[in-house]
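Colleague: These are the residues of each chain, in order.
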Amino acid sequence: MAVNPKTLPKPTPETQHFWEGARVGQLLLQQCDSCQHIYFPPRPFCPDCASPAVTIFQASGKGRLYSYVINHRPPRWIEAPYSIAVVELDEGPRMMSNIVEVEQTPEALILDMPLEVVFDAVTDDITLVKFKPASIGNEA
Amino acid sequence: MKSGSIAIVGAAETTELGKIPNMSQIQLHADAALNAMSDCGLKPKDIDGIACAAEWPTDLAHYLGITPSWVDGTMVGGCSFMIHLRHAAAAINEGLCTIVLITHGESGRSWVGSKAMGNNQASLGGQFEIPYGCLGPSTLFTIPVLRYMKDRGLSHEQLANVAVVQREWASMNPRATHREPITVEDVFASKMIAYPFHILECCLVTDGGGALVLTTAERARDFPNKPVYILGTGESVETPMISQMQDFTSSKAFKVSGQTAFREAGISHSDVDHLMVYDAFAHLPIYGLEDLGFVKPGEAGDFIWERNTAPGGLLPMNTNGGGLSYMHSGMYGMYALQESVRQMRGIAPAQVKDASTSVCHGVGGMFGASSTIIMSNEAP
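These protein sequences, in sequence, are chains G and X. If you want my numbering, it's the position in the first sequence, counting the first as 1, plus 4. If you want my numbering, it's the position in the second sequence, counting the first as 1, plus 1002.
Looking at chain X on its own, in the form it has when it is part of the complex:
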């Protein structure tokens, strides 16, 4: 995309987060969408482009009363919304639409109006992974980490510490699910889920949603909020099977996506004031820091241990508390985007002082897909 040509003018999460048994999944989309439209003073009739995942865009358009001229239902897991944002930027610049609404809603905990994806026994994963007792992300996403630990020298303490530092951020966020501080010992004492991962190193399971409204940077000036400009975007996919990931110490999709976004944005790593790395499990920020090029391979464990990503550190990361402590409805990417927008607007509960550039990096599936969005609050 053309750097700085598009801006986020509306952003909001669902009114409630966590346990929302009184709302179906499509209503979570709508609740977030109506909040985001209200945030920027728009009505559904003003929207001419929509994108969503977890629900079909058809369902969403009908439910909200929108007749779009541009639609995207890309569904590659938790970073789908970041990819929607990238596609929407291209579509707006191409003149396919003018104002895009991207929504997410997921009844990941209460399971109201949502349905499990089920196992396709004839897919390659269904034939060659699932029969071995793989049971969801905790038994799949976690598999590369022992290899990483041996090859790169990461310790169990350093892995646990990712959760400890993120809890520090969560403690400053009134909307975070878990806010009480924890120690590495607390992580080790917590229930073992899939060795080497304890429950405190695994994401939460919650209900919620979020929505974004985008338009051209030029039009963005007419909206009530401080525009958040899109500087760079990236996307890629690697494999639906964790066992077939080419390098267990590094994600090919992360690298392609990150490099594309940084190239588009024309910035260097030292320009970045704030970072979000989708953390479904404690190893994700480690892979993210390295594959995005913030540190060299094998350095991320030490980088986090030395408090560089903690409050007061050089590179504040996952400042909402992340999927480990803030919320995680199943596809977390939308919540990472929301926190980047709050930081760029200067309204985050744990606001990074004078932050003007934010990198938001997501994953989809089990290292299967990736997208990276770079934002700024400075007009291009």
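In isolation and in its complexed conformation, chain G is listed as follows:
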């Protein structure tokens, strides 16, 4: 997927750790020390109980295909059709992503199929977190 600088993430102080993690191949989530709620996207307090005592940890990188669309009207910098998917991580939170290394068809993209994280370094600074079908013997 080519890159349009206008659609790249601009990290903020509250999300910086996530993007630094992705750059070195880590998918980082946050967990509340008070109520143990695991959440995403990043923020420096628990969205469930508002506690500021939260811990950043590395997620397993495993999840399942929760829902998706296959876009047939691409922007000029992306080759279509391509999937835009929501992945439910084994730790609980869901995140938007692309499913890669698989045909971009309804026949190949089966809901609830096990997935594993891949890191796509789109620029020197930004690595996007994407997913591919889980390797054999590695199913969730």
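Careful: at least some of the hints might be erroneous.
Here are the computed lysine-lysine pairs in the DSS-like style, where the Cα-Cα straight-line distance is at most 27 angstroms [stated by the list, open to error]:
id, chain 1, residue 1, chain 2, residue 2
1, G, K14, X, K1117
2, X, K1152, G, K136
3, X, K1152, X, K1193
4, X, K1228, X, K1355
5, X, K1152, G, K134
6, X, K1117, G, K10
If you're looking for bench data, these hints aren't it; they were derived computationally from the structure.
Following the hints, complete the assembly by docking chain X onto the known chain G.
Modeller: Below, chain X without anything else, positioned relative to chain G:
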């Protein structure tokens, strides 16, 4: 709000709908506003409260020559006008103003005097959704539906059928953009936009606007039109990110808004004669029917298939043809409100016979916000 205390006395859309390249966005607001004021015999100087979205209320007030004592610029997407109506009702009852004008105008197709919102790359959506090739509502609003289809058993035919039934309503409406009947096969044969959505399951892209004038139910009796009373109102928001919607088969904002409105109105579902559910895409009426409680979870596809919402059905829905066939300038909520008002006045092109209660339900963003307005033509 106090049920039945407020009424809509003026209502109108822009003179033209569809493609209006000779009018800027602010003029679309003004055209609708002047039509609505003329509808109830008022002039801008009579208005002391204004609300609008897509333009700043400041711009609108100056443009129309209004100096208001109450202003609302709530902007949460396409249901903003319904929320304006709710806020206006509260403001009038609190004595902050007496006659409120709510306007909408959007040059969504011709892009005259309007500007795209642009991507905030530092927002959470800008960081965690847009980089994955999300390109507007057709790639975002559509995402939950495959989950819904698997969990609730909705078929592709049933999804397509939403568009088919709404086209039946549109065929009776001379102002509808598309009026020729379609079949499920026609929907399947139409261009794929974002699987599983074909173009006939996606809303139109048009220019237009609409405006409403509200006052107390007591004063409403002095106006030329049959007053349309506000029985109940609701509003809520959930998330700006579709990926973070808590339940992909149900909207939390829809439920909160709908329950609040029904509670305020003190009516039951069997009292409802007419329903509008904002349909930016074909799945919206399905979520709306279920989250408002007209049917149980998973039943809406069958309910529509069995023609309950079609002409002659038990619960006529989206009787103007909806965003799929009537018009959709980007923020459709105002047009849904206009159709509810026409039905309550008894002047709709596809008039539901003897309808006295209408529920008008809207969405903002991608399941991000919601508002529900319940109207009646019977004096409280």
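Colleague: Hinted pair, alpha-carbon criterion (27 angstroms max): K1152(X), K1193(X). Please report holds or violated.
Modeller: holds, 23 angstroms
Colleague: Next pair to validate is K1152(X) with K134(G); report whether the Cα-Cα distance is within 27 angstroms.
Modeller: Holds - the C-alpha atoms of K134(G) and K1152(X) are around 23 angstroms apart, at most 27 angstroms.
Colleague: Sort out whether K10(G) lies within 27 angstroms of K1117(X), counting only the CA atoms.
Modeller: Roughly 17 angstroms separates the two Cα atoms, so the pair holds.
Colleague: Starting from K14(G), check that the Cα of K1117(X) is at most 27 angstroms away, please.
Modeller: At roughly 22 angstroms apart (the allowed maximum being 27 angstroms), K1117(X) and K14(G) satisfy the hint.
Colleague: Please work out if K1228(X) and K1355(X) have their alpha carbons no farther apart than 27 angstroms.
Modeller: Roughly 16 angstroms separates the two Cα atoms, so the pair holds.
Colleague: Within 27 angstroms, alpha carbon to alpha carbon, are K1152(X) and K136(G)?
Modeller: With Cα atoms ~21 angstroms apart, K1152(X) and K136(G) stay inside 27 angstroms; holds.
The structure agrees with every numbered hint stated previously.
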